[in-house]
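Engineer: Chains A and B supply the protein sequences, listed in that same order. Position 295 of the first sequence, counted from 1, bears residue number 295 in this note's numbering, the numbering being contiguous throughout. Throughout, this note's numbering is defined as the position within the second sequence, counted from one, plus 334.
Bear in mind the hints are in silico, worked out from the structure with no lab data behind them. For each residue, glycine too, the CB sits at the ideal point set by N, CA and C. Worth double-checking, as some hints may not be accurate.
Unchecked claim - When the alpha-carbon atoms are kept at most 25 Å apart in a straight line, the in silico DSS-like pairs for lysine-lysine are as follows:
1) Lys413(B) <-> Lys443(B)
2) Lys555(B) <-> Lys79(A)
3) Lys568(B) <-> Lys555(B)
4) Lys413(B) <-> Lys79(A)
5) Lys446(B) <-> Lys10(A)
6) Lys112(A) <-> Lys380(B)
7) Lys380(B) <-> Lys137(A)
8) Lys380(B) <-> Lys344(B)
9) Lys413(B) <-> Lys109(A)
10) Lys234(A) <-> Lys262(A)
11) Lys109(A) <-> Lys369(B)
12) Lys344(B) <-> Lys369(B)
13) Lys257(A) <-> Lys228(A)
14) Lys443(B) <-> Lys46(A)
15) Lys228(A) <-> Lys184(A)
16) Lys109(A) <-> Lys380(B)
17) Lys333(A) <-> Lys176(A)
18) Lys234(A) <-> Lys257(A)
19) Lys499(B) <-> Lys596(B)
20) Lys471(B) <-> Lys46(A)
What the hints assert, rightly or not - Here are some chain B residues the structure puts well away from chain A; computed CB gaps all over 12 Å:
21) Val362
22) Ile460
23) Met481
24) Phe542
Unchecked claim - Here are some, though not all, of the chain B residues that point toward chain A, as calculated from beta-carbon distances under 10 Å:
25) Lys413
26) Leu428
27) Thr437
28) Lys443
29) Arg448
30) Ile584
31) Arg588
32) Lys591
Number of protein chains: 2
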Amino acid sequence: MPTIQDVARKAGVSVATVSRVINNSPSVSETTYRKVMQAIEELDYKPNLLGRNLRRTETRMILVLLPTISNPFYSKIVKGIERVARENGYNILLCNTDSRVETEREYLKLLKNRLSEGAIFMAPVIDRDELSELSRKYPIVQCCEYMEEAHVSYVTIDNFSAAYKAVQYLIGLGHKRIGMISCKNNYISTIQRKEGYKKALEDAGLVFSEDLIKVGNYGFKSGIRAAKQFLAKKDNVPTAVFAISDSMAIGAIRCFKENGMKVPGDISVIGFDDITYASMYDPMLTTVSQPQVELGCEAMELLLAQIRGDIKEPKSIFLDYELIIRESTGLCKV
Amino acid sequence: MPTIQDVARKAGVSVATVSRVINNSPSVSETTYRKVMQAIEELDYKPNLLGRNLRRTETRMILVLLPTISNPFYSKIVKGIERVARENGYNILLCNTDSRVETEREYLKLLKNRLSEGAIFMAPVIDRDELSELSRKYPIVQCCEYMEEAHVSYVTIDNFSAAYKAVQYLIGLGHKRIGMISCKNNYISTIQRKEGYKKALEDAGLVFSEDLIKVGNYGFKSGIRAAKQFLAKKDNVPTAVFAISDSMAIGAIRCFKENGMKVPGDISVIGFDDITYASMYDPMLTTVSQPQVELGCEAMELLLAQIRGDIKEPKSIFLDYELIIRESTGLCKV
DNA sequence: ATTAATGATGTAATCCATTACATGAAAGGA
DNA sequence: TCCTTTCATGTAATGGATTACATCATTAAT
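Make a model of the complete structure from these sequences and hints.
Structural biologist: So, in structure tokens, the structure goes:
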């Protein structure tokens, strides 16, 4: 593998001059430029980024930490991140944490060892103090999920009002007994969506009861299980269900259909996220759409600003969500 | 940021000794070891990987090139790759090429600039010669799609026999007019699946006609469009359809159902890949399952072997696929 | 013609860690 | 006691680029 030395020797100039040519420094004569370029061509020289990076102390790498890439919701966000990253000469190191804290810490070493210049957390597993501590030393942005008071930038949507709006819509359709399929975790989105759900019920004068909430794990099967639980209480099955993920909503619909119920005829279901499959299912899912790609883009922009030192104080950005009305919701018939 | 020099100074030893401690070299006395460790602790020293990598000329990074991460089929493979990579201390650089050759080349620079030690191609966009040339210099593995005669290792499934088996299954159900939803590209999988489809028809004494093949782009909507084309020829609609992707199969089913047909009552549909959503749809999709995670694992193992120099000749690995019979296929009723 | 300014290029330090080789001390052997 | 090993540690070169500073030649200014 040829080095800059080899090029210099071949072109009969010093390494400094070769470096100038590579980096398009203006103070290189036409003649020399050509000589050097020719030597580069002939040797098929490619600058070794390891050397350059060490000298410049930059790597143009950023960490993207997410629970799992197999979740289409996250993969779309990654696309947004990647787009902005590329436009700015950055590459992303993808890190599936599987929501395991050791794995997350393992990946964070890449930040501490200066192999990456910043990190975007989709759903941090480490606790708030650890995150705060980290952000004191390195550029960090949270995307979607975030921790309040962590003094770390984030970009997300207003989960409270999104849930409120979704439930309000169901109420508007005449539903009085509205169940929720949530998850058992402490994500801010989970907490806020539950609050929004409750508030919407209260504001409409409907009774709220913990009994109306079943928990899953965001997945299809857990949606089925939750629906079964609703069906279990014979005479008191909700006429509408608000699920905090599309996959769970689809699972619930599946279960209802299998039990001879019509969706939305007998029961309405609303999801969250608007993953690709939401509009593929039969019935197509009414859901809250998050601007996934933009969430990713904004997160990356924010991170870049931090890396460049353009901003020092943490910033919070809320993007617009949208209630997308499709086929899985309808007027209450009872 | 403290460097190894700072640690050495603080511990009153040379940098060589500190390096030995960091790298667990056996020839360090108990006393010195403790002194150094304490200095490391106190300074919160983390070795700068840029320096280390330059010296060792290693980066423990590999490139994973795929058309798009949003395709769940690919994201599962990535999981497999990541698993094995991590187990071996490697990290992956994810590269969405969007099937654009310039983007792919852009990413390949990371290989040529020695920032990554190898690459796994999911569906190369560059041509065979370029790929061959590349593989002469760098460790490279193809996963799923591959180019014959490129003299590059690959791990995949036998697409010909998988398609053959799928169509044979439909024939066994009594279907005589079987359509195919394919794609317009030159992927080996596309070609071989078409061959398998043809051969199965021929072996059963059924007529093949180009007219029976509609093309899409692997996506849901293109499946709908293809199905519409089948429905267009009124009196000659197939009684079964073999799609080369699950999303297209689901799209087709959606279209058939919207046109008042029952699946599988009136028409059977079979997909390919067994993505997560295949078993979520209603009806659940009969499909050919590819061992996605293992494909990824094997590809990474193969790449590691190349990086380590354990193998020099390209190797081909074929993993087992499986025909998964679910709800979208049934006996032919005409 | 002399000096100052400008432009092109080179020399050498630097980024940070690893490691071949050298050195000195302690231990073992004759 | 003297020589050879062995062990622990240090010195300095190394990996490949960037860049501050120095140098020299040329051009412009007086």
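Engineer: For every hint, state whether the structure bears it out.
Structural biologist: Checked hints:
Only pairs whose Cα atoms come within 25 Å are accepted, and Lys413(B) paired with Lys443(B) is accepted, the gap being roughly 24 Å. Proximity of Lys555(B) to Lys79(A) is assessed by CA-CA distance (about 21 Å); at most 25 Å being required, the pair is judged to hold. A distance of roughly 21 Å separates the Cα atoms of Lys568(B) and Lys555(B); the hinted pair therefore holds under the 25 Å criterion. Between Lys413(B) and Lys79(A) the alpha-carbon distance is near 17 Å, which keeps this suggested pair within the 25 Å criterion.
For the suggested pair Lys446(B) and Lys10(A), the alpha carbons sit about 21 Å apart, so the restraint of at most 25 Å is met. Of the pairs offered as hints, the one joining Lys112(A) and Lys380(B) holds, with about 7 Å between alpha carbons and a cut-off of 25 Å not exceeded. Between Lys380(B) and Lys137(A) the CA atoms are separated by roughly 13 Å; this keeps the pair inside 25 Å, and the hint holds. Among the hinted pairs, Lys380(B) with Lys344(B) is consistent with the structure: their alpha-carbon atoms are about 15 Å apart, no more than 25 Å.
With a CA separation close to 20 Å, the supplied pair Lys413(B) and Lys109(A) stays within the 25 Å bound. The suggested pairing of Lys234(A) with Lys262(A) holds, with an alpha-carbon distance near 16 Å, which does not exceed 25 Å. Proposed proximity of Lys109(A) and Lys369(B) is supported: the alpha carbons are some 23 Å apart, at most 25 Å. For the hint linking Lys344(B) to Lys369(B), the alpha-carbon distance of about 9 Å falls within 25 Å, and the restraint holds.
Of the pairs offered as hints, the one joining Lys257(A) and Lys228(A) holds, with about 11 Å between alpha carbons and a cut-off of 25 Å not exceeded. Distance check on the hinted pair: Lys443(B) and Lys46(A) sit about 9 Å apart at the alpha-carbon level, within 25 Å; holds. With a C-alpha separation of about 17 Å, the suggested pairing of Lys228(A) with Lys184(A) holds against the 25 Å cut-off. Pair hint Lys109(A) plus Lys380(B) holds up; C-alpha atoms about 9 Å apart against a cutoff of 25 Å.
Between Lys333(A) and Lys176(A) the CA atoms are separated by roughly 11 Å; this keeps the pair inside 25 Å, and the hint holds. Restraint check for Lys234(A) and Lys257(A): satisfied, since their Cα atoms lie roughly 16 Å apart, inside the 25 Å limit. The straight-line distance between the Cα atoms of Lys499(B) and Lys596(B) is roughly 24 Å, inside the 25 Å bound, and the hint therefore holds. Between Lys471(B) and Lys46(A) the CA atoms are separated by roughly 13 Å; this keeps the pair inside 25 Å, and the hint holds.
Against chain A, the non-interface label of Val362(B) holds: every CB pair exceeds 12 Å, the least being about 22 Å. Listed as outside the interface, Ile460(B) is consistent with that label: its C-beta sits roughly 17 Å from the nearest C-beta of chain A, beyond the 12 Å cut-off. Its beta-carbon lying about 23 Å from the closest one in chain A, Met481(B) satisfies the requirement of being farther than 12 Å from that chain. The claim that Phe542(B) is not at the interface with chain A holds, since no C-beta of that chain comes within 12 Å of its own (minimum 30 Å).
Here the hint on Lys413(B) is kept, as its CB sits about 6 Å from the closest CB of chain A, short of 10 Å. The beta carbon of Leu428(B) comes within 4 Å of a beta carbon in chain A, closer than 10 Å, and the hint placing it at the interface holds. With its C-beta approaching chain A no nearer than about 8 Å, Thr437(B) sits inside the 10 Å limit, and its interface hint holds. Look at Lys443(B): its Cβ gets to within about 8 Å of chain A, closer than 10 Å, so that hint holds up.
Restraint check, Arg448(B) versus chain A: the minimum CB separation of about 5 Å is within 10 Å; hint holds. With a cut of 10 Å, the hint placing Ile584(B) at the interface with chain A holds, because the nearest CB-to-CB distance is about 6 Å. Hint status for Arg588(B) relative to chain A: holds, with the closest Cβ pair at about 6 Å, below 10 Å. A hinted interface residue such as Lys591(B) counts as satisfied when its beta carbon comes closer than 10 Å to some beta carbon of chain A; here the least separation is about 6 Å, so the hint holds.
The structure fails none of the hints (numbered hints given earlier).
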